[in-house]
Every structure is written in structure tokens, then in C-alpha cells.
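Visitor: I would like the entire structure built from these sequences, with the hints used as guidance.
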Amino acid sequence: MEYILLIVGAVLVNNFVLTRFLGICPFLGVSKDLPTAVGMGGAVIFVITCASAVTWVFQYWILVPLHADYLQTIAFILVIATFVQFVELVLKKSSPGLHRSLGIYLPLITTNCAVLGVAVLNIKKELPFLKSCAFGFGAAAGFALALIIFTGMREKISRANPPVAFQGTALALVTAGLLSLAFMGFSGLVKF
Amino acid sequence: MNIISSLFSGSGGIHPNDSKKGTATQATVTPPIPPLLAVSLSQHLGAPSKPLVKKGDAVLKGQSIADSNGFVSSRVHAPTSGKVVFVGPRMTASGKVATVVEIETDGLDQPFISEPPAGDWTTLPPRELIERIHQAGIIGMGGAGFPTHVKLSPPPGKTIQTLIVNGAECEPFLTADHRLMLEQAESIIAGIGVLQHIFKDAQVRIAIEDNKPDALAALARAADKLTGDVQIVRLRTAYPQGAEKQLIYSITGYEVPSGGLPMDVQALVENVATAQAIGEAVIRGLPLIERLLTVTGPALAQPRNIRALIGTPFSDLIAFCGGPRGPIGRLICGGPLMGIAQSSLAGAVTKTTSGLLVLPPEREALFSSMPCISCGRCVKACPMRLLPSTLSEASETEQDAIAEEFNVLDCIECGCCAYVCPAHRPMVQHMRRAKVRVQSLRKQRDAQKKKQTS
Amino acid sequence: MDPVLTQTIIIGLTGLICGAILAIAAHFLAVQENPRIEKVTGLLPGLNCGACGFAGCADYAKAIVTQAAPVNLCQPGGVETVAILAAELGVQAVAAERLVAIVLCNGDDSRAARSVVYNGIADCLAAEFVGGSGKACRYGCMGLGTCARICPVSAIRIEQGLAIVDPAICIACGKCVPACPRTLIKLIPESRSIHVLCHSQDRGPDVKKVCSVGCIACTLCVKICNGQGITMNGQLAEVDYSVPLDNDEVIEKCPAHTIHRRTGRKPEKPA
Amino acid sequence: MNITPASEWLINSSPHVRTDDSVSRIMGRVLIALVPALGAAIWFFGWNALRLTLACTITCVVAEWASRSLMKRDRGINDLSAVVTGLLLALNLPPQLPTWMAILGSLVAIVIAKQLYGGIGYNLFNPALIGRTFLLVSFPVAMTTWLAPSVFPWADAITTATPLGIWKTTLNATQQAPPDFFKQFPLSDLLTGHRPGCIGETCSLALLIGAAYLLATRCITWHIPFSMLFTVALGATILYKMDPTQNLPPHYHLLTGGFLLGAFFMATDMVTTPVTRGGMVVFGIGCGIITLVIRKWGGYPEGVSFSILIMNSLTPLINRLVRPRVFGHAPQSKPA
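Note that the protein sequences, when read in sequence, are chains A, B, C and D.
Just so you know, we're using the numbering used here here: the first sequence kicks off at 1 and counts up by one.
Just so you know, we're using the numbering used here here: the second sequence kicks off at 1 and counts up by one.
Just so you know, we're using the numbering used here here: the third sequence kicks off at 1 and counts up by one.
Just so you know, we're using the numbering used here here: the fourth sequence kicks off at 1 and counts up by one.
In short, the hints are calculated from the structure, not lab data.
Source: prediction; values computed, not measured.
Yeah, the Cβ is synthetic: ideal placement off N, Cα and C, and Gly gets one too.
Treat the hints with care, as some may be off.
Pairs of lysine-lysine, BS3-like flavour, derived with a Cα cap of 30 Å [to be verified]: (1) 54(B) with 223(C); (2) 253(C) with 209(C); (3) 450(B) with 175(C); (4) 50(B) with 208(C); (5) 54(B) with 21(B); (6) 55(B) with 83(B); (7) 39(C) with 450(B); (8) 125(A) with 296(D); (9) 435(B) with 451(B); (10) 158(B) with 225(B); (11) 449(B) with 39(C); (12) 20(B) with 50(B).
Incomplete in silico selection of chain A near chain D, CB under 7 Å [as the list claims (entries may be wrong)]: (13) 28; (14) 155; (15) 156; (16) 161; (17) 162; (18) 163; (19) 178; (20) 187; (21) 188; (22) 189.
Footprint (simulated), chain B over chain D, 3 or more residues, beta carbon under 8 Å [stated by the list, open to error]: (23) 18 to 26; (24) 94 to 105; (25) 272 to 278; (26) 294 to 303.
Guide: Below is the structure:
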């Protein structure tokens, strides 16, 4: 039950994109068509969940015993970068089409604040290992969910007729804001 | 003959005011031979016919004036005797430019062949019956104009189990098929007899909407002459009940697969008028040179069902019906839901012209450029279960890939979506545009693929 | 332990391990790529207009490198790109003459008659389904601007219901050619300057009824130039753009004022 | 023969007949359907109701007209959709809300939620709900201060709380249902509308009359409101059966808060809801579940507007995923 609440909280209540406003760059960048968004969502879920696990191990087995937790940020980025590179290699091999449409946003997961954010939050909240993984998964699933919903909306916007000044990213940002307004309804759902 | 009700009821459809009262009870009349006939050589689907006559030639009634140009093509005959005064490109009622043969009639109506073909047709093999149908220039008279001899020659491996004779006439205003069924039931049944000879084991289903009980009764009476598995089927009145795919579903419960033909579900649909023409051609050796059509509409003085020669100019038809009553706003060749708007009176009757509709000017324009408000009425009305709302938006923004994904190519252009649209969007035009664009997208993609593999 | 040392060791080791993992992964998951394709892509203008017949610049580059496709297909790039590509790949190539698009109709609202009122989508392809946008001529420009919308460089404008190409801007990508449902747009060598601006196959009297500048098929121009440069195609005089034609007489004598001089050249660049 | 010259004829693609119905007529019918609720609002909340209604409606119409003019687009306010938005927003506001807030909410609704997308047909979210939610998030106190209804002639009103508000705060504070809750809010008051709440949401009877009119004129179909109603009723029944002391009985779920107004007037907004009937059912079920979840576990006492907005955001996906099987696309057995 605790795990479910943790995940629900991370997906709906404290959605990384919609309430913490982390990871906006790929959120806007790869939300133009559905298959790409689903691919990106999958990649992010994989990277964040694994990164949560590995950074937890890294923190508590290496950095803490060595009293080097001040290296947290730089070490985490290193680990995350490795994961992202790995995902990129796999994707390039297995589905070049998806790889091409993700483009620059795939390597950019590395610097995606959401990934680092989850890792750092795990440590900050002093979550035990499994909960860290669950939280990581939930946060990533929330990102994927928001991305997919947003992609659907952007497809509809692409057939809309906005004033010229608001075409493209401007309107996408307005939409993201309205979406986050709607998601505020979930606030207080899980006290976490 | 018993009348049974159709077992299957398709989805979607609309119930417009059928406006048939004015002409449904009027017997067919034959106008005098017009002074000039404009016979198009592209009345059918497929390659235009090759003209066999040139300017100055004298022609006789029923004489072939154009020959098939390939397998999917048809022949054209002179509807009456006279002199050819022009052969060349002209605007036709279909809204396209086509080769037209203009005949100055001599009023003598001299026939080319006077004798019916010798011998008993029932002893002939199907191949020869089909050849007679080809020689008579018969094409689908319901609207599409597909050459009938092609339809009757399924490729090897395909069999026809259900032969559906379409007397649904679901378009509002039109009553020509209705009158044909009342006045020439015997002749239609004779044509069905010929079709039974071609497809020996096929069951015959004569489909008529339940708003024409007299036609149902007339055909039921006449059909007693037929042997084999024949039934009259009463259809629920709805538009587009008479559309080929919807009709096959109503009768057999099978959906013609996307991109497929009726023969893929072992069915064949012939319009009642076509069936009648087949009988005339095979039994009496007469080519298709005239047809019944309804000249009607609120802006016409005397709406009538008319037996018109192919090539009769629309202006003669309107004059024969007493001319317009008040100003004309639109002239439609065909029914109000699938007909073609005319930009002049220069059009002329073709083998597929089922009606001529004279409409008064509207108070407001029919279509507007208002955005879709996603009310979903078109989705409910679409008999193909498409999402016209999304498709029209995709067409508007030229998102051809979306249009393709949402199956725009399955659209039958019946017009139900545009009929119900409260935003008055030109839905059918959007669909047609998206279809053309998707097809060219596919062509491009195929070409690209070829390039990559080569 | 010295914190600096700890730091170095931790980060160094982590980096090493990560690097090793990636190296192994890269070895197993390697994808072959030809570096020349990328280089050639960089040399192309990057408009992705598709005039070369490939899906875009990258596709064309791939075809050049792997299938030895000719290097002179890029229209927007013009002579310079052909020269650069030829040098890069070490092949001989002659740049074809620069092409420009032209609309073979001159029937704007002041010259072409209107017969009906069109009520529908403002798009030529859509209007063609119902026989046009209301102009009486069945062959001429409908003026609904489908070509103008598809043009990637906005070289086409609609003036009084007639599409006009600005040759100075046109990059000859050819997108407008199939976009015109009445096939009025042609790509022609830029040095050709005399045009029969009509596409009507109607006979003279019929043309006269619907347009004041339509070709009435009097064949005078063909006689003047002895069939060299202008030929009859049915009821229409057509310029044969493969033959140079520079004869002002055809312009002056044309009774319907259908023939015009329009230069296709870009204005000379100041040296 | 006297024939109108063809130059006055119209040519258009088929079909050549169409329905007489139009967007402005649909909007007009929605306005008619809202008249009973508006009447009840004025009856119970008097001048405040009138003030909010006028402020919202006028602001919406003016904002719509101004945005259209600024964008140099045709078709201003004659489709009545701005009036509908304004009226719906007003009916969703608490009676004592300052006028300037109502005006601000209307501006957000029309300018941001609607015209930025290109106007009617293109908006993703229900504009009235965006306006209301924006106000709720920005001015939580003003938006959750309620007045007790006082029947004509209107006396000075007393500040109080809505039934759902009382229920939630008491439950959160004492872990027990508020005492006298059902005496304080008898079923009859919920039906007539004699209870605190947003001005248009209290009178269930008036809303039901309007809903019946909308259904009878085929302005809305049953799919969204009834699947939403059914989901909430079912969920509430299950919860109530599990623990009657901690959960509201199902009919209180349906008759309190903005449920009826939301289900019949906001969740049925055509533009922001799915087009397929299956999609509409999914939409309604989704709204019902989210409403119940927010009411039961969420931080806000009322979740109808949020649930509709969240489902609005899912509409494009529902339209894409819940589609009927296209004719001829089935894996069907061929005739033998």
C-alpha cells in the first residue's frame, strides 16, 4: 500500500512535469507525435528507474562510507550519462526511426533535470532502496503520462488556428500551464 | 412472391425529408425529340470511348458512335437519327471536360437495327450474353457508371452467390427507379432472368425501401415468373441504404472489406434500371440510348418523371417541365445528397443521370468556413463509421498522414456528415480532397520505396 | 585520506567503469555509418524541398554517395552547389540551366469572366471537384492559391484571382507543379522569356466568351516563327521551351494578346 | 423561358441539402436550458447572482469580440458561445465573489483558454472551467467563502460552508462525520436548491429540467452525463456500504456540489469532449472516477471541475484510441 501511494503520489500529485516543472525541455521537444512520445516515455522510465537504483547504491555504499557525499551531483551525472548513452546505443541499433525522431532530446536526458532531480530527491528524502526505485519509477511514469497526454493535446493544437504570435511553443507552454492547473485537483490526494 | 424484411441493419445514416411526393405518383412522360443531342463519350468509369463518327456523318438510332477503348470501357450509341455536327472536348454534366458527340436530330427516329436478335437467347453461353450487354453499351445506371460487362465477368476464382437488384432509391427527390419498378416491373424481371442465366446458382435479392410499398408489391407480383432462389427484401428507409456496401450488408450481413469489391463477399449489385437495360439488350437487342430520370425541385414549375434520350440537354428538360418557378439558385445533376452542381445549362443527360434538381436560391450559403465544434453528429451519421470531424480537420491542415491513419480512403462520399454538420462545414469536399492527397502521398511513398530497393 | 585524492579516485574509477561498460556496449551495438553521407548532406542547401526527386537533402546525399546519383539535381543550390559537390566527389558534372516556374494563364479577374459563385473550400484541388472556383474558363488559374501555400519560399502570389510566380525568388523546387490541379505551372529554363499565357483547349469562339486574353488558336504566331519555338497543340499555341525563341513580332501580332515577354532571370547581382 | 443567369448560381460540392441546425442554435438551446438554474440562482442569491451573471456574460462577450478584432478574424460573437461560457462561469462562482474577480475569471476563460487557440472549436479545455479553476487556485479564500441562501426578499446573508466542505473539514478534523449533517441538509433542500454553494449549482430540480430539455432537443446525448452519473453512484454506493460513517450516501454525492451542473452542462461541452460514443462513455466514467477520488481522498472538497478538466486533457487521446471499427475493416469470416 505504501508503495502504491508513493507511486500514485509521484505520478499524479507531485507530477514532475506538471507540479515540479522539471524536464520541460523534452516535454516540449518530443511531444509532436505519439509513437515518439511513447518511445521517449519508455526511455525515461528506464533511465530514471535504473538511475534511482544505481545512484542509491552509489550514495550509500561508496560516497557515504568515504565521506564524499559532496561529490553527489557530479558522480550522479556521470552515472546517468552512462545510462543515457547506453539507451541511445540500444535505440540506435534496435529502432533507428525512433532514434532519429528523438534526435537531440535523447542525449539530453542526461542533463534532464528530472533524472537528477529524482536521484537527489531520493537521497534527500532518505528513502530506503526499494522505495527509491518505486519513487523513481513513479516519477518517470508521471513524466511519461504527462508527455503522452500532452502529445495528444499538441496533435489537436496542430490542427487549431491560433493567432500567429502564439503558434508553436508559445501555445504549447500555455497548454502545459492549463494542464498543470487541471492536475492541481489532485493536490492533497496523498500526503507525502 | 413473398416479401421479407432485411435481417441486418447498418450503422449511421440519416433521415432527410424525402421530398418524393411531387413525382412518385406521376406516370413517366416522354418529351419530343430535342433538336440537338450532346452525347458524352465518358459516361462510364474507365477509359473514354473511341469515337467512330466524325463531323458531318449521318447516324441512325441505335448506331454505335463510339467503341470501347480497353476492357474497362464501354460503347456509345446514337440515341436517334440525325447528323453529327461536332466531335470534341466539351464540359459535361459530371463537371469534367470530355469528348462529346453532338447530333443534330432529324426527327425521323430511323432505327439502325429493326429486328430483334435471331435465335433463343436462353441457349447461349454466359460469355455471349455478356458480350451482348457490352455491345449494348450498358453501364451501372445507379450513379457510378461502372461498365456492366466488366462487373459481370469476375476473375477466375471469384464466384457470385448473391445477386442484389437495387431498387432502394434512397436519395430524396428522386422517383425514377420507383416509377420504373411500377411501370416496367416485367421488363426488370426479364433482365433479372438474364442475370440468372449468367450466374446460374446465385440467389437473387430484390431490395426496396419500405417507403415504396407499391413498388414492393409490383415486383413481388412480377417476380413470380422467376425460378430459383428469389426474394424481395424490404429495407428500412434511411439514407444511404442504397449505397452498394451498405446494401450488401443489409442483405447478407457481410461487410465488403476495405479496398475490396462486392465480389470479395461473393455479392453483385445491379441497379433496377441496369437490370431492365440488360433485359432489353439481351432479349430485344436494344442498345442503351434512353433512361428514366426525375426532373424536379422546388424551383421547377412541373416536376416530372421523364423518359429521356441520352444526350438531351438540361435546358430542354427544364423547358419540358414548364420552366423554372421563380429564380434558380442551383442546378443539380443527380440527387441532392450526391449530385453534381452544374455551372451552366449546357450539361446533358448521360446513362448515369438519375435526376435533375432545380433548387431556389438559399437565404444563406450552404457551407461556411467555421471550425469543427466536435459535436460528434457526423461520427454518429457516418455509415462507414469513420471520424469525419477529425478527417475534415486533417484535410484543412493538410495532415495527410493523419487522414490516412483515420481511413479517409474508406469514405464513400455519401454526404451524411455534411448534412448533419451544425457548423455547415463542406465535409464531403474535405474528404475528397484528403483522399486525393492521401493517394498521391501513397504514390510518392511507393516511388520512394522503389528507389530505395533498386 | 586526502579529499582531493578521494575525489580523483572516486570520479576516476566511476568514469573508467562507465566508460568500459559503454565501450563494450558500443562494440556489440555498433551501427555502420558512412561519414561521407553526412558531409555531402552538409554541402546541400538543407531546404528539403524534394526537387531532386529524393525525400530530402539527407536522402539525396545518401543516394549520391551510395548509388552514385548525379550531383546536378539540386535546383535551389544551383551552379555553385553542383560545382562544390563535383569537387568534393571528384566527378565531372555540368550544371543544368537554372529553371524557374511560370503560370501559363493570364486570366485575372479583369480579363476572365466569372460564371457561377463558388461556395466551398478555398483550395484549388477542392474547387476542381466541382468544376472550378467560379471562373467560366475550365482551363485557367482558379486563383485559390494552393500553389502559393505550398511554395516553400513564398515566390507565388495571388493577384486579382491569378497566381503569379516571382522568378527572382523561385528556387525551382517544383512543388507547385503537381499542386496545380489544372497543370498550369511549368518549370522552364530561366533564359526563355516569351510565353503563351494560356492553357485552354477550347475553340476560339468559346475562349473569347470566357476570357479576353485566351489563345484563340489563330495559329498566327506559329506562322510567324515558322513553327520554330511555337507549335500548335490542339486548340492551343504552345511555346517549345527546348528551342530558344526571341521574336517580338509574335507578341505584337497576337490578336488576343496572349503572348507576353516575361524574363525569368534573377536580377544581376552587383559585382 | 426565364432562367436566372448562371452567374448567380451557386456551385458547391455535394451534398446540396443540409440540416437547419447551426452552432448558434445549439448554443441558444444551452442558454434556454440554463434559464431555470439562473432563475433559481437569482431566487436564492438575489443581487449577487445577477451581478455575477452580468459581469461574466458581458466580460466574455466583450473579450471575445475584442480578441477577434485584435486577431483581425471574422465571425465575432454571433455564435453565442461566449454568452454560454460567461453564463456557465457565473453559475460556477460563489455568491459573494467580488465583481473584479468574476471579470478576471471571464478574461482568463475567453482569452487564454479559448481565443489563444483560435476560438470556438479549437480550445482544449472548457473555458468556463478554466476560468473557475484559475480563480479557485488564485483566490482560494474568496472562492470558498459561501453565503447561506436566503429566499426573496433577500435578507443580509450569513457566511457558511457548503455541504461537501462541512463534510470534508469535519471528517479531516475529527475523523467523524459531522453531526446533524443530514438534518442540516435534508434531501428536499438539495432538490430545491436551498443550500450554500455556487450560485447555479444548488437547485438540482432546475438543473434537471434544463438537462431534460437538452436531451430532448438532442443538444447533448446521454453518454457522458449518464456514464458519469452511473460511475459516481456506483462508486459512492460501494464506499457507503463499506463504511457508512465515513462516506456520504450516493444521492448526496449526486445532489451536492457542482455534480449536476458539471455532468449535464460542463462535461457535455462538445468542443472539449470526445466525438465517438464509446469515447464519450470513457470520458464520463473517467470524470466520475476522478470526481469521487478527489472528493474522498483529495485536498479539495469538490472535484467535478478538476475531473472534467483532466478528462478534457485526455480527450484527444480518447478520440484517437476509442474509435469504432471502420466498416469493412473487421477480421470477419468470409461467406462459405
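Visitor: Holds or violated: are the alpha carbons of residue 50(B) and residue 208(C) at most 30 Å from each other?
Guide: holds (29 Å)
Visitor: Closer than 8 Å Cβ to Cβ for three or more residues is the test here. Does the region 272 to 278 of chain D pass it with chain B?
Guide: Result for this restraint: holds, n = 6.
Visitor: Is residue 450(B) close enough to residue 175(C), meaning Cα to Cα at most 30 Å?
Guide: holds (21 Å)
Visitor: When the nearest CB of chain D is found for residue 161(A), is that gap smaller than 7 Å?
Guide: Result: holds, 3 Å to nearest chain D Cβ.
Visitor: So, residue 162(A) near chain D? Judge it on the closest CB pair being under 7 Å.
Guide: holds (5 Å)
Visitor: Under 7 Å, Cβ to Cβ, is where residue 163(A) needs to be relative to chain D, so tell me if that hint holds or is violated.
Guide: holds (5 Å)
Visitor: Need the status of pair residue 125(A), residue 296(D): alpha-carbon distance at most 30 Å?
Guide: holds (27 Å)
Visitor: Return the status of the interface hint for residue 189(A): holds when the least beta-carbon distance to chain D is below 7 Å, violated otherwise.
Guide: Holds, about 5 Å.
Visitor: Confirm or reject the coverage of the region 94 to 105 of chain D by chain B under the rule of 3 or more residues with a beta carbon closer than 8 Å to the chain's beta carbons.
Guide: Since 0 is below three, the answer is violated.
Visitor: Are residue 449(B) and residue 39(C) close enough, with their CA atoms no more than 30 Å apart?
Guide: Roughly 24 Å between the alpha carbons, so the hint for residue 449(B) and residue 39(C) holds.
Visitor: Hint check: residue 20(B) vs residue 50(B), CA-CA at most 30 Å. Holds or violated?
Guide: violated (38 Å)
Visitor: With the threshold set at 30 Å, check whether the alpha-carbon distance from residue 54(B) to residue 223(C) stays at or below it.
Guide: holds (27 Å)
Checked against the numbered hints above, the structure breaks hints 5, 12, 13, 24 and 26 and satisfies the rest.
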